[in-house]
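**Student:** Residue strings, one per chain:
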Amino acid sequence: MDDEEAFLELYQNINQPLFAFILGLVADFHEAQDILQETYLKIRSAAHLYQPQGKPMAWIFTIARNLARMHFRQSQRVADESIEDVDAEALFSSELDQQDRIVMKNLLEKLDEDERTIILLHAVSGYKHREISQYLEKPLSTVLSRYNRGIKKLRKILEQAAA
Amino acid sequence: MKKRQIIQSIQRNVDKLTPDVYQYVANAPVQKLPFHDAITAQPKQDQTDSKRKISPVLRLAPVFALLALVLFSFTMWKQLMTVTGVVGLDVNPSIQIDVNRFDRVIDVKPLNNDAIPIIHGIAYKQVKLEYVVRSLVGSMYYHGYLQDPESAILISVESRDAKKAAFLEKQVSIEISELVSLDVSQVYSQIIPIEQIDKRSEEYGVSFGVLNLARMAHEKYPEYSMEELFSLPVSVLYEIAHSEPGTYKPDLDTPEDCGGIDNPCKINLPLIMSPDGMEMPQATTTPTSPIYYDDDEWDDD
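First to last, the protein sequences are chains A and B.
If you read the first sequence in my numbering, its first letter stands for residue 2, the second for the next number, and so on.
If you read the second sequence in my numbering, its first letter stands for residue 26, the second for the next number, and so on.
Hint data in this document are derived by calculation from the structure and do not stem from the laboratory.
Check the hints yourself; a few may be wrong.
Unchecked claim - Anything over 12 Å on all C-beta distances counts as not near chain A; from chain B, calculated: (1) K27; (2) Q30; (3) L42; (4) F60; (5) Q67; (6) P174; (7) F255.
What the hints assert, rightly or not - Where chain B lies over chain A, by a calculated footprint (3+ residues, C-beta under 8 Å): (8) 16-23; (9) 65-75; (10) 106-115; (11) 129-137; (12) 142-148.
Remember, it's a predicted structure, so these values are computed and weren't measured experimentally.
Think of the CB as a built atom: it goes at the ideal place given N, C-alpha and C, for glycine as much as any other residue.
Turn these sequences into a full structure, and let the hints steer you where they fit.
**Tutor:** Structural data, given as structure tokens:
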């Protein structure tokens, strides 16, 4: 992708949803940032090979997911271990207010990968559940159930924390 | 915390935390790949296309299967419920049996008042014709019919399919001849071609078999009215209908207030002249006293 304007336009459109997606996958801010950068570089290096199939975001998410898996393998860690390692409260303390920090911490620590990713994508990108099911290649019913289950779980945790 | 608040909190979080990496990723040197690697590989186009092509068909397959099942069920139901042959039994009670292409009985209709108690209590729906005929003949016996050695039974069959009609006629004739302790010559049968079916049987209040015989007799002996012919015993009517014109003396003298089981018509039958000059005996359909038969005799083995 040599066209800088086109790349800038793409970046502005997808940066937040892509980061939300990667954060949902790895549940780690720094790792998500690394994978985000690598994803853009991969897009630039392979954009000329892209065959339009009507779902460019699905391709971009595939690249991000593959990179995330590669990161896991290289660090010899599994996703659960990475979640336990992360100190979300410390990471976000300077950026977020108290309430938002609690929400984010519990989102990353207490929900599983599917629940996190679907909730983040839906909340941040505004994608419909049907679009998310296409991008993640999961049945719509699965996306809906994971989303609702994740939200319920999060509400319950936050209510308990508030009490 | 409400769902909406949670969503808004997540939006704020991601909004604040999303790093701006544009300067780095836009300016970093990258080497263009000559072909996709494991990271950037796209799903193959043909796989996607085949999914798109096949999936609607697969999605519709259950619908087609259901439609086929419904169509098959409807066809079977129609075949089961379509009348392909009609069998009439006339003694004094007149009964009409409708059968389907599988020779199973769809309906049994009493054509006169005498037939109502005969068919009462007989289960006939989708039962084989032969079993229903056995039950009906048994019931007639039970009600006192077919006891007289001179009583007669008329079997009339009509069907659009001539082979089917012949088969039904033969089947019912054999069945009844085996069951009834009568001289076989007193079991009369006829196949009525579809084009000769007279739709006025209901109007006259007689079976289509009797109407057919009366019509045949009336053509040969116009001096007999149809009503007079209807009042004749089946055996006599059959003989008249199948006689050569002129072999009967038109001297019917039927009392006006007769009919039914209690008051059978005592008519002066025409003399039936056989080829050797012998007069045939007068027949009657008046039942004798009811004789209770052993139910087991009619059981289907």
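**Student:** For each hint, tell me whether it holds in the structure or not.
**Tutor:** Now for the hints, and whether the structure bears them out:
no., hint, in the structure
1, K27, "violated (8 Å)"
2, Q30, "violated (9 Å)"
3, L42, "violated (6 Å)"
4, F60, "violated (7 Å)"
5, Q67, "violated (6 Å)"
6, P174, "holds (80 Å)"
7, F255, "holds (74 Å)"
8, 16-23, "holds (count 4)"
9, 65-75, "holds (count 3)"
10, 106-115, "violated (count 1)"
11, 129-137, "violated (count 0)"
12, 142-148, "violated (count 0)"
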